Amino acid sequence: MSTITQDTPAAHDDHHDDHHGAPKGIMRWILTTNHKDIGTLYLWFSFIMFLTGGAMAMVIRAELFQPGLQLVEPNFFNQMTTVHGLVMVFGAVMPAFTGLANWLIPMMIGAPDMALPRMNNWSFWILPFAFTILLSSLFMEGGGPNFGWTFYAPLSTTYSPDSTALFVFSVHIMGISSIMGAINVVVTIVNMRAPGMTWMKLPLFVWTWLITAFLLIAVMPVLAGAVTMVLTDKYFATSFFDAAGGGDPVMFQHIFWFFGHPEVYIMILPSFGIISAIVPAFSRKPLFGYASMVYATASIAVLSFLVWAHHMFTTGMPVFAELFFMYCTMLIAVPTGVKVFNWVATMWRGSISFETPMLFAVAFIILFTIGGFSGLMLAITPADFQYHDTYFVVAHFHYVLVTGAIFSIMAAAYYWLPKWTGNMYSESLGRWHFWCSVISVNVLFFPMHFLGLAGMPRRIPDYAIQFADVNQIVSIGGFAFGLSQLIFLAVVIKCIRGGEKAPAKPWEGAEGLEWTIPSPAPYHSFTTPPEVK
Amino acid sequence: MSQPQSKSNRKLITMLLFGAVGMFGFGFALVPLYDVLCDTLGINGKTQSTASVYKPVTVDKNRTVTIEFVSQVQSDMPWEFKPQMNSMQVHPGELIRTHFVAKNLSANHIVGQAIPSVSPGQGAAYFNKTECFCFNQQVLAATATADLPLIFYVDPELPDSITTLTLSYTLYNITDKSYAGSVEQGAAR
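Chains as they are written, first to last, in this note's numbering: chain A, 918 to 1450; chain B, 134 to 322.
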């Protein structure tokens, strides 16, 4: 690790030779240490994974289009729900945020690159291997992971397929990648800010990512520990989660959710930063309540460690513990409410225009809040006994992850595409993408609330016939949402290949150092740090 | 990159790496921590795993507690496993002797391990076993039958709100995992 920071004379020369552009050929991408290249790699990887996980969602929705078993075996259906979750969480959302961090954090804080460029190359390039391992297990005898992305013991130990070791190793690699990425972000933000870029001047995307990075360093190792225990329980006769040997399967859930709950904030805090950049830009007003945004983010991060057992209300906890976790969970609504209030207050009396990034941002605020409210409903312990493991939960977390995290990533892509490519994207195609997505995503996920309240359990390939009509509507929404994302692919490719030339600052109300450098951002930027006043 | 910056980078990286490694350790530390917490808070319905010593206490003849026995066998284990009686009335402080009956239905010798659990969980700390077959592995030769003894008393300190204690045993087949499973049948009972 120490060699990475070593300043060899050769590297020194390279650094100051800022007139050369990008090297040519495939080796440029394999050997690159440039934060913009690595950001691009992360974003493309994330998009490929988004389509892969989306294809699995299409299999799930096709099977659920009608009651009864039509298209796939139940075991394959279980593999689809499991791998869809793993791919979307670890392959799509998290790498997209890391890609945005790579592209934007150095430009936002006036740094020439990330602090640890060679580690940066590593943390990206081990990811494709992790997902190759994970996805290849689907084609093996006995199939891939089929125990849900939460891999509860004993499903993942006693009853899991032979390929479970591959699942474990791929999660190890994903974890190492995330931890390296997080260390890089922390070191960059702490040590490489331009002169005058004080803590309370940092753009909120940088702040939220700094806090996210600390969460990653705190909980990804716990996940690594949990999968390691699953590995040894399954293959080496330990009994961490095996009651016969003195272990306890409920303990698995405690360890998993100690990771899992901060993990959901890892997937939403950077979104808060993105929305806090876009809403002021298109409202042409500074962000309302900057300092309260920072404190709210930090308090959400702290609280995220105190709420894990709200995923486990039905495991037979003492009433005292259920009340404790219920109240702590509800407490999170306070800082989150502060944020939503601040975004709305920023728009209040602003001169708003609705370009595609703003459309996605406004949709984020409304739909993420719906997801937050259903989260509050789930937090009510006695009510949770009814909602637990039903489609209501599925509706809840898809509202916060799809119309939350994914919509914010879309908004970010539209907002910064002109800076990345030097071309404006097609506004009309962008609007098509937005309206198709926002309508279909609600057709897809909103009726799931009713399915869940009516008692349809999640993770099943078949269901009672009274759920048939609503499932059909949901599936149609799902296919439409999946197809709508191809418009996004078209927009991005079209924007890379050409289009109206983008000025350095294409958005009238945009603020931040990244808009002071030309579009497209030169291969090396801020080699001499800017002065921040 | 200037020299002082690379030095402070290294310091920060070291700290963050220690943090990550420490959290990996913390994940494993959660295992004993979980047991200790369940023990001290008396939650989770776990009873003690070693024999307790019977302290002659005054038997509270005015109070009666219902003790229910429940037995389960791991689904693919070819044993029959039943309590001698399904429930009994006891006075707190009274030393009670009972037994479970186990029968190996298969043609192989099998090693079993019974895992106890008490419901309600808050009552687990007051259920004291001076002898229990669950403290040891149980080996049964093919088609053999055995009476598995249990001697216990209920602590008179048992909160008044608890009038019934349910003791549940789940029996697991640990033949593959145990030493006793690998020795000759002669070692079997």
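Fair warning: there could be bad hints in the mix.
Counterexamples of contact, computed for chain B against chain A with all Cβ distances above 12 Å [what the hints assert, rightly or not]:
hint	residue
1	Pro137
2	Ser141
3	Val154
4	Lys179
5	Val223
6	Asn241
7	Glu264
8	Leu298
No farther apart than 27 Å at their CA atoms in a straight line, the calculated lysine-lysine pairs in the DSSO-like style are these [stated by the list, open to error]:
hint	chain 1	residue 1	chain 2	residue 2
9	A	Lys941	A	Lys1202
10	B	Lys215	B	Lys236
11	B	Lys140	A	Lys1118
12	A	Lys1118	B	Lys144
13	B	Lys236	B	Lys140
Think of the hints as simulated: they come from the structure by calculation, not from any bench. Treat the numbers as computed from the prediction; the structure is a model and nothing was measured. Virtual Cβ for every residue (Gly too), placed ideally from N, Cα, C.
The hints, checked one at a time:
A beta-carbon of chain A is positioned within 12 Å of the beta-carbon of proline 137 of chain B; the least distance is around 10 Å. Residue placement check: serine 141 of chain B does not keep its beta carbon more than 12 Å from all beta carbons of chain A (closest about 6 Å). Valine 154 of chain B, annotated as away from the interface, has a beta carbon of chain A within 12 Å; the closest lies near 7 Å. Its beta-carbon lying about 8 Å from the closest one in chain A, lysine 179 of chain B breaks the requirement of being farther than 12 Å from that chain.
Distance check on valine 223 of chain B: its Cβ is at least 25 Å (rounded) from any Cβ of chain A, clearing the 12 Å threshold; non-interface status holds. No Cβ of chain A comes within 12 Å of the Cβ of asparagine 241 of chain B; the nearest lies about 18 Å off, and the non-interface call holds. Distance check on glutamate 264 of chain B: its Cβ is at least 19 Å (rounded) from any Cβ of chain A, clearing the 12 Å threshold; non-interface status holds. With a least beta-carbon separation of about 16 Å from chain A, leucine 298 of chain B lies farther than 12 Å from that chain, consistent with its non-interface assignment.
Straight-line distance between C-alpha atoms of lysine 941 of chain A and lysine 1202 of chain A comes to about 42 Å, which puts the hinted pair past the 27 Å bound. Our distance criterion of 27 Å between C-alpha atoms is met by lysine 215 of chain B and lysine 236 of chain B, whose separation comes to about 9 Å. Restraint check for lysine 140 of chain B and lysine 1118 of chain A: satisfied, since their Cα atoms lie roughly 25 Å apart, inside the 27 Å limit. A distance of roughly 25 Å separates the Cα atoms of lysine 1118 of chain A and lysine 144 of chain B; the hinted pair therefore holds under the 27 Å criterion.
Taking the CA atoms of lysine 236 of chain B and lysine 140 of chain B, the gap is about 70 Å. The hint is violated against a cut of 27 Å.
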